[in-house]
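6 protein chains.
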Amino acid sequence: MSVQETAEAIRSMEIRGAGRIARAGVRALCEIAEAHSGDRESLLKDLDDAKEQILSSRPTAISLWNGVQAAMHGVADLPSAESVKERVVENSRAFIGRSERAMGSIGRIGANRIRDGDVVLTHCNSHAALSVIKEAHRQGKRLEVIATESRPWRQGVITVNELAAEGVPVTMIVDSAVRSVMRSVDLVLVGADTITSSGVLINKIGTSQIALIASEARVPFLVCSETYKFSPVTLFGELVEIEERGRAEIIGDADVSENVEVRNPVFDATPPEYIDSMVTEIGMIPPFAAYEVIVKILGPDYIFENKE
Amino acid sequence: MSVQETAEAIRSMEIRGAGRIARAGVRALCEIAEAHSGDRESLLKDLDDAKEQILSSRPTAISLWNGVQAAMHGVADLPSAESVKERVVENSRAFIGRSERAMGSIGRIGANRIRDGDVVLTHCNSHAALSVIKEAHRQGKRLEVIATESRPWRQGVITVNELAAEGVPVTMIVDSAVRSVMRSVDLVLVGADTITSSGVLINKIGTSQIALIASEARVPFLVCSETYKFSPVTLFGELVEIEERGRAEIIGDADVSENVEVRNPVFDATPPEYIDSMVTEIGMIPPFAAYEVIVKILGPDYIFENKE
Amino acid sequence: MSVQETAEAIRSMEIRGAGRIARAGVRALCEIAEAHSGDRESLLKDLDDAKEQILSSRPTAISLWNGVQAAMHGVADLPSAESVKERVVENSRAFIGRSERAMGSIGRIGANRIRDGDVVLTHCNSHAALSVIKEAHRQGKRLEVIATESRPWRQGVITVNELAAEGVPVTMIVDSAVRSVMRSVDLVLVGADTITSSGVLINKIGTSQIALIASEARVPFLVCSETYKFSPVTLFGELVEIEERGRAEIIGDADVSENVEVRNPVFDATPPEYIDSMVTEIGMIPPFAAYEVIVKILGPDYIFENKE
Amino acid sequence: MSVQETAEAIRSMEIRGAGRIARAGVRALCEIAEAHSGDRESLLKDLDDAKEQILSSRPTAISLWNGVQAAMHGVADLPSAESVKERVVENSRAFIGRSERAMGSIGRIGANRIRDGDVVLTHCNSHAALSVIKEAHRQGKRLEVIATESRPWRQGVITVNELAAEGVPVTMIVDSAVRSVMRSVDLVLVGADTITSSGVLINKIGTSQIALIASEARVPFLVCSETYKFSPVTLFGELVEIEERGRAEIIGDADVSENVEVRNPVFDATPPEYIDSMVTEIGMIPPFAAYEVIVKILGPDYIFENKE
Amino acid sequence: MSVQETAEAIRSMEIRGAGRIARAGVRALCEIAEAHSGDRESLLKDLDDAKEQILSSRPTAISLWNGVQAAMHGVADLPSAESVKERVVENSRAFIGRSERAMGSIGRIGANRIRDGDVVLTHCNSHAALSVIKEAHRQGKRLEVIATESRPWRQGVITVNELAAEGVPVTMIVDSAVRSVMRSVDLVLVGADTITSSGVLINKIGTSQIALIASEARVPFLVCSETYKFSPVTLFGELVEIEERGRAEIIGDADVSENVEVRNPVFDATPPEYIDSMVTEIGMIPPFAAYEVIVKILGPDYIFENKE
Amino acid sequence: MSVQETAEAIRSMEIRGAGRIARAGVRALCEIAEAHSGDRESLLKDLDDAKEQILSSRPTAISLWNGVQAAMHGVADLPSAESVKERVVENSRAFIGRSERAMGSIGRIGANRIRDGDVVLTHCNSHAALSVIKEAHRQGKRLEVIATESRPWRQGVITVNELAAEGVPVTMIVDSAVRSVMRSVDLVLVGADTITSSGVLINKIGTSQIALIASEARVPFLVCSETYKFSPVTLFGELVEIEERGRAEIIGDADVSENVEVRNPVFDATPPEYIDSMVTEIGMIPPFAAYEVIVKILGPDYIFENKE
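Residue numbers (my numbering), protein chains in the order written: chain R, 1 to 308; chain S, 1 to 308; chain E, 1 to 308; chain Z, 1 to 308; chain Y, 1 to 308; chain W, 1 to 308.
Please keep in mind that the hints were generated in silico from the structure rather than gathered at the bench. You may find that some hints are simply not true.
[Unchecked claim] Using 30 Å as the maximum straight-line C-alpha spacing, the simulated BS3-like pairs for lysine-lysine come out as follows:
(1) E/K296 to Z/K296
(2) Z/K296 to S/K296
(3) R/K296 to W/K296
(4) W/K296 to Y/K296
(5) S/K296 to E/K296
Looking at chain R on its own, in the form it has when it is part of the complex (with noise of 0.2 Å):
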């Protein structure tokens, strides 16, 4: 697909999911790398040409962002074309790699914390935390989910159909619910949107919510989430926007009046002090690790020197 296609194919939504999106953005980069047959600056520019066209397309993914970084990583200084496209080459096929694999390293990792009999509450549907009850499940671990209804679009519907197809026990709750049923949790498991530098999850709505909940009851809140959800800007102090939506995702007009109005933010910010760890495909880390993780995604040398 060439970079005009993907990036089109991204901002109609054919392509979605942070990981699908940044592989396909890779993959043009990658593309135009191995077909070029100009000179070093030509093909600079070209590649600058649609990095650009490719994060235009979806500004707010973070992912995105992550995979062009790393697509384009340590190209600058070298000095020739040639060693120019055997690094992007490298650098992509490196990323879609890990990214592909990804998902099953976070399943496996965060399996081991499930111990037989678990009582497992999630939230919306995250294929990272799904990813890890199945994983759980085909090791033959008993265990039961509690999934919440994730008003107003109610993904957990999604959810709990998956996870009856699977054969996993699942309860639906209210939203409401959440502290009622928290007693008789073990571990809740949620995915992630984005994370800030400072460990601050962003994630749909109600996420912190449970996570305050589960705090009170000293129930451990972990998130699952792939690395390149790490979002390098908010370093440099870039705020999260928190997407509000219309109303007619939460009441339909006939059953309000229009004096009504209707707030339907799509996400919320978890601190990390209610966050016990993460689960990633390099490891459980804690939330302050945000920082170091963002800083390898960046390079070694981006301290100091690189930032500005």
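Starting from the known structure of chain R, arrange chains S, E, Z, Y and W on it as the hints suggest.
What follows is chains S, E, Z, Y and W alone, placed relative to chain R:
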């Protein structure tokens, strides 16, 4: 209405609402007394039979228990049919009068706590909490209300429409968005189903997690409740049963595998340390005064003597 | 002193201090009663007029309200001028006697809580708190006091000089150094301006943050207060107004641009969960007993009957 | 038994246990009254002498103080020897009756709080707490008990054997393992040595850290106690002395260098915010109701009048 | 300026401020290297002597320590006088450049965290914190600042005048009023004196209680600091000494008895759990990244090898 | 000692203690390398066999795993038998040297945190914690130690005798008395069995409740541990198994009914939020730096590449 008719109307939900049920039961007892022409013994027996019939029409309604208790207070020791009749009538009128005035008192007392410009968050559809909000609005205070959707029954929709009709600016959110908006809230107002002798609030599912979230953010959390919601039987250690209802209220059979369990607890328990004050018709009291309120209900001679 | 003279002396701050104001008001009512020679109706009317005049001399002084209430307690139902006179005189003497003995009782009760070698932290200049400290010192207990400066009025300077004059070892710190010294403190003692029906303490600005700091370090925080500081009107939901005073108390006009706003709130509100005990003339009571104290003040028939 | 014999039996520990001591003291006073044939003055004097003798046999036993206080309640104002005798006898019988029924009431009230399948943790060897557990067991509820060893006296051994004899499944742990097992516990039940007017529990060393651990994990912590364990003298600020005992109870001289100090405090103080409820013979009450219970014990006229 | 002149200027406070001191010390070392014409050994000896002289001019200034350390980094292992000279010059320029750009970077990074309409609270007079506020103001964001008076030196007066001169709306309060206004604050920004390897902030007295108050009310608390304020010596367990200054800064001798002790600690310690993020020139980092920053300062070979 | 002898000595507990076991295992590998005369392939195979044999001698000893890992670090990629031998010998000597110096470093670093006059509480019998205490004592600091009995094995007895022999004033308490004495404690020092990648401390049963109690009272809680106690396998989600031992360690069969179950967990898990700092041979680090320490152990190329 006869005792039988009253009991039937309560059982069939024709008569609804904690206050209305209690007053209907008391009225029925009062009419027995007024109409009676037999001797002391037959009167006491008829009253006792009526009491049993009324209580069994809704065994979990603590307001009915409190009303009947109030109507019969001190009656057993009276010497003559005449004195029994007088006392039952007097007791009944006092209870009915207080009960009818309670909502207004709560509105006026609670409205004093709302300052011009306040943002008030409420949950579910509580008459007492709305009475406070409307009274403050009528007094000309500018205030905004944020109401939760209150899944599964979505009583929040009734609440927002009710407030919009009065001209109160009101915003609706899903139950998961409470922590996300809490920092812009000045006051939380909820109602009560039952209050125990140790000050625990039993109320609509989700109330306890809103209280925890308010407490985390140092936002005052007030409970609006008539004193007949305070449960004397909890003094004897009786647990308040938390009703669990059917799956159909949460999700249709077509949308979810039959292997998925659906839990639907109707109420939850909020510990008193998350409650700043209770707004009752006898004033703003701390939740720990529940014990004292119950002792007043049971009468001054209760302690040390009449308890068993 | 006549009612008019008393009201004037209170208004002009000639009579100051919660206790002195209350006793002066009660004395004026008592003298009206003693000197009266008219019939019941004219006596009641004169008392009522006097009451209004006295209360309006300092509408925010809750001790004055409580004193006047105590003097007039049960008077309205009495049958004759003679019986009214007698009751007012009796009520007044009882109130004045209790009020005069209160400080001594608080000193003795509170001193029991100070152990030999204790370090006590205090804030502002509270007669009741200092009465406890001096009593313990007089009993021969070795104790040290740390007193905050208490900006902007720096009443801490009065406190340290007052204690040094008694021979109590005393150290002064700025208000910002409280957390820095808290781990070496054994007990915090503060006074009260007003106590609400829910157990909230209204006191000199800075009190609530000292309470929070003590609570963080598990240091007992005691409030020393006469019961006439408990506010019956808060039972009806009235908010205690926090007075804000002028900028000149904080900084001179020459030192600061006129574009700088200066906020000078005089009091703040300490939640009851940060208060371990209240030392009153009727004993060591939990802050949540505030409701019960207020009910005692309002009289035994108050609940359920006389409230409106 | 004469007053002298009673005092001696209490002093020599022949009569032991808070309830038995109190009843013995009351019985001795009652017998003085019943047998007396002198006039009012000599009777009052004899009663007073007996009271002093009894109290001095165990000055720290608050139940004895409360019993004697109850027996003599209202006696001083009575006009004749006959009326004094009647009142002492009546008071004594009432106290003894209530005291004997108290343990049963506590068992029944507390058992209501245990649900089928509950795991209950208990500490030391409390009659009241075990009375609740045994009553629930007799009612056919399945429950498991975890008992701490309770060093240094290891009363946990008595507890586990006592429960095993009744057929209750019971597990013993060392005192350090409480937090390790807390997440599988549904309820903590402990007894009381003394309860102060501010709601502080004085009980066997280790109780306060179990309360903290339960609070951290949101597990209900209940105190089982007869009301005669509530200490009126704490209302006047008296500190409850924490007894420290000898080193031999902890370690033998052969095992430890004489340079090692050994501290052996017998009790500790649990703050009321870690206590969910107190199970007493007059019902389930919040710890903050301690003040009200003490006022009941001291009599209705206490407040504002009889205190000094 | 020669090394001697530089050391003297630092000692006499002619050169002030953490950054300026550090740069002056580094410059002096750099000039030694540039001007040197001897062999490797004599150069190293001269640098070492100069280092000692500079460090002893202000032994507690961690920025000076860090600067000197940076200038000499890796120098000991170099083979020739030439290579030593080159490295010292290169190191020095890098440190000076980073240090000069740091304040600007902090301003830009921190300003991203301020949203239009925010109320920011600050304490004392921190260049770094004010740099953030002024940058946000220059970007056209509407914001209001609340500044504490910051007794005893009242640096708050400098802060408010500085901000008013820039046209930023600013309000001054006494230090005791922080909790009273906290619920209307959106963000707290403070500076740093020193940051330890475990993430503890040492800053102007009063900082730790503001952090506690912000944490209680869920208001983000950010520390603005250049990385040269992070203290490598704390890694080896050295305690940061909290300077105590004289009584005259708090009160004049005429105003206070000489028996009154006056304590005047200049700094206090804020635990990392009350700090949401640190704004440094290398980005927004969690306080626990302090260890990582220090390891960067000490160089990549430090761990496991060079520590002793 | 041969590999076989070493493995046997570890298995039979002849060689004990985390450090000694690790050094013995490393020495055995080193000797294999030194003595080997075959080619690269046979050397690698022999090392691998030896590694397996050594690890299986104590599969749960994380120090052994870390030692063996350190000895073999980077070996697989080397081209010749000679280079492999050299590297193994070099690795082994480095590990052994660091390990032997670790205890001294911890003592010196930790001793810096003890101030003259401090009261230190410790639990069980930790070499590292005692090394800190003894070093501070040798430096002439006056300090007092409170040691828990540490049931069931009562290692506290060893601790107090060990300290008394050094002349350190020491007091023993039962495990239940920790909260009772905590307010007079300045510092808590404990050792470590294992530390996970998220900063959780696994240590002697009772440690987690001491940490909670210290945290409640704002007393610093420090963990003293060599870095080879940090567990790399927890990075992959492996749970640290908490060993449960037999009943005989707690109570004799004669003293307890056989129907009584006895639980004897040896360790518990302390969450990092209750840990102020870890004292390691590489410095004072926050518990959240555990991840970074483990990455150092696994080598710089681990992240993103070598993990699977």
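Here's how the hints hold up against the structure:
1. E/K296 to Z/K296: Given that 30 Å is the threshold and the Cα spacing comes to 14 Å, the pair holds.
2. Z/K296 to S/K296: Holds, at roughly 14 Å.
3. R/K296 to W/K296: holds (14 Å)
4. W/K296 to Y/K296: holds (14 Å)
5. S/K296 to E/K296: Holds, at about 14 Å.
The structure agrees with every numbered hint stated previously.
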